[in-house]
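Engineer: Could you build all of it, start to finish, from the sequences and the hints given here?
Read off the chains here:
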Amino acid sequence: MTPPAPRSSPAADVLRGTLELLILKALSLEPMHGWAIAQRLEQLTREALQVGQGSLYPALQRLEEKGWVESDWRVTEQNRRAKYYELTAAGRRALGAEAKQWKEYVAMVDMVLRTT
Amino acid sequence: MGLMSRWRKRLGALTNRAAVERELDEEIAFHMEMATERFIREGVPPDEARRRAAVEFGGATRFREEVREARFFAWLPQAGRDLRYALRGMRHRPGFVVAILLTLSLGIGASVAMFATANALFLRPLPFANADRLQVLYETNPEFGWVVADAAPANVLDWRERVAAFEDIAAYSRFGGALTYVQDGEPQLLEIAEVTGNFFDVLGVRPEIGRGFRWAETWSDGGNTVILSHATWETHFGADRSVIGRTVRLGSGLYEVVGVMPRGFSFPIEGTAVWKTFGWDPASRAQTSFRRAHYVRPIAKLAAGVSAEQANAQLQVEVAKLKEEYPQTNRVMGAEMMGLRPFLLRELRKPVLVLMGAVAVLLLLACANVANLAILRALGREQEIAVRSALGAGRGRLTAMLSVEHGLLAVIGGALGAATGWAALRILGLTGYGVPAATQVAMDSRVMLFVLGVTAFCAVLFGASPVLLALRQARAADVRSSERGAAGGRRSARLVTGLVALEVALAVMLVAGAGLMARTAMGLREVDVGFRSDHVLALRVTTPVARYQDGAAVVAFQDRFIEALEATAGIERAGIVGSLPLSGTSWSSQFKAEGWPADKYGSEIVHRRADEGYFEALGTPLRRGRMMEPRDRADAPFAVVVNETFARKFFAEEDPIGKRIAYDREPTPASTWYEIVGVVGDQHQVSPGQAPVPEVFESRRQDWGRTVWVVMRTSVEPMSVVASVRARLREIDATIPMAKVRTLDEVRRESMAREDSVLGLFTAFGGLALLLAAVGVYAVAAQSARQRTREIGIRLALGATASDIARLVLGRGVVSVAVGLAIGLGATLAAARALESLLYGVKATDAGTIGAVALLLLAVGVVACWIPARWATRLDPVRSLKVE
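Line by line, the protein sequences are chains A and B.
Read in order, the letters of the first sequence are residues 0 to 115 in numbering that gives the first Met the number 0.
Read in order, the letters of the second sequence are residues 0 to 883 in numbering that gives the first Met the number 0.
Misleading hints may appear alongside valid ones.
Heads up, simulated EDC-like pairs for lysine to aspartate or glutamate below, C-alpha to C-alpha not over 20 angstroms straight-line [to be verified]:
no.: 1; chain 1: A; residue 1: Lys82; chain 2: B; residue 2: Asp803
no.: 2; chain 1: B; residue 1: Lys320; chain 2: B; residue 2: Glu308
no.: 3; chain 1: A; residue 1: Lys65; chain 2: B; residue 2: Glu335
no.: 4; chain 1: A; residue 1: Lys82; chain 2: B; residue 2: Glu20
no.: 5; chain 1: A; residue 1: Lys82; chain 2: B; residue 2: Glu308
It should be emphasised that the hints constitute simulated quantities derived from the structure, not laboratory data.
Structural biologist: In structure tokens form, the structure reads like this:
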């Protein structure tokens, strides 16, 4: 599990933004509860990224605030109550925009790294 | 999820906070369960699995804090906690809180008082139903330089009948007067205002009880009626409602009381006790004098849907016709009009606007000072902020915490300020019907809104900088502590230096304003007004017709009274005059001297009746010829004395003594001729700042009057002879009341009331500004000294002298003072022009005054810096090194 990065440092901000992007991506497949999102992200990154709950839930709150996800309580397959998060239309649009931005960013950094 | 449902959820979260917390707990519990299950699946024993899940979850407190912060509106329930925290904090720092609240309540209080006054003058509807449609008419005469002159009744009546654009025109006399009312055997003088019968209808004001006047009552055959002021009704008629319809004797006439005005109503003359109608003789309408004597002020009510411009156009047409119809009186008479409010405010506008500006500067200064204090306080809280940040307080939380504190201070300060402002107005007697009496100062919604606005303005202005500073500190909290003082300190030091410079600059402006007004007041006091005002008592007496039918009887009474007074201990000389100097002029006229060519005449000369005792009591010297004397009686040729300005203006080439004049431009055989027997020194008639105008003094024994001022020079404190004066009067005639007893020193002071009140307010503002700036400079120097205690210790240990240290500490404070002075002087020179019209005998950019102000502020600034500098030089090097 990653320890929370020092707050206010640029790295923290980048991480924060990236995490939100990853959550949006994970939710784009289907509505999920928090735990499942964490698992899915670990799985998708082949366990390279372990999402701490300390970052996951605040990120979900922020996304809900922005209106990109919405939540409601449902019953899991194991018959347990859990809070499910679902992408809204705005969230879907945001995912597209954020992903594009990220790719541009990566491409730019990559270009710099290759030329120097 | 739609926008609506999202908001519902937010609001729901707000109102049902416990449920939200429960939800969050449930979500966490679910997560932990899942984590535990995963560990169990991986073969970890259940207990260990639960422990690992908990460890993995980590700092739950901080986690919750973050989630909470991410939630919109979360601050509201938080605010309650912050509020409690803020209150607790205030109890622990009473000095800081008192300083801030005092500064805020004074700054806000001054601006609220000023705004409430300006609101009454400029914004609040005048307390007349027809206020929007009321226009004041006045006559003009370019030949005499009349600008806003009273109108002749006959002209007003013609306008009323001929100009269709005016629904109606009323008129009043601004000269007032007084009538004797005998209550329980004790004669009282009641101030009267004379109006036309439609006066209250045109204004749109109704009496509280009874009825208003009727138009027919304007005329002598319409019935004698009066309306009482609320105060008169209470003090003289026992607030008895049955007074309506009762006949009362006022002076020599009998009047029926028909109404009582609402409390405080006192238009058009302050302190009016009784309104009566002019009671003109209907036959006088045709007389030339009715068109020649200008003594009424018309107020017109525009007809519905008619603009002032249209009405004015129609008025000009009629004015032109009247010129043709009555060339003798109207040849050069014009007429103009002005809305009622601008007319009432024409003298007040300027000073009020200047004072508004001054108060705005003071408010800004107060905010700067409070911001300064708050920053210094925030610097002292570095430790606390850092700890809170480290313990997981988010940036939003820190901002919220400080904002709540400052908001709370601002709200309390605002409330105190509003109370202070209102109290100041009450103490100055400016609430209710204000000055002029046609306005009402009240705490209305506009003033309330202003209080809120000013409070918010102050809160933002003084709250923002320390919050920014604290955020920077929070960010710096992770950095090694030794760097804290230096890095954060330097930036805040710059902020504080800037604020102090701003304070000094604003203080320069206010103190310079006070200095210029003080010079003006001094200049006015030094003016030779043409008489000695010390040890002179004046009072007004009216000789009733009932007991003194003709001039001979009136003069005989006056002679006896003067004789009795001069025989009284403490009174050296007594005399009589028609009106006191420094209190305005009444009527003016044209004249022609005997032997002047046909086209030569003098105009705009003012008149007073007087006797030799008056001039001697006041110490006004005779320059040439002789004084009026007891022998200038009704049976002797009319003798007059003129003032020096008169002699200089009209008799520059010849000797005025022995010349005869008539108060007509083209004398007729019926004209009365007066011989100039003497020239006396000029007395200022209007105010010390206004030059004397040509004046003729008629002998009170020839040109007699019933209402006169009796003046006397005393060898003792003037007010101490009042009792014996009253006794003398009673011995001669117990039915005659004494009114308006005052000393000429008072009269002189009142003539400078406007300058004095502006000076008083400016002095108060300037003094406050000086104090605030001194506190600001002191605070910055003291903080600089404290912050560098360690450095000073090292320097002292290395052998720095006391003066080295003093220079070190003085540096920053002196820099801010110098910068502030430079800015302040520039701003003062730029703003001084606004003050120009209020000044007398001093230029707005007077180098001496402004230089002195600069020196004063410099001195205050240096002293304020020097105190902490002295403290620093006395530091014990060893102990100071241990600080921190």
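Engineer: List, from low to high, the hint numbers that the structure doesn't satisfy.
Structural biologist: Numbers 1, 3 and 5, in rising order.
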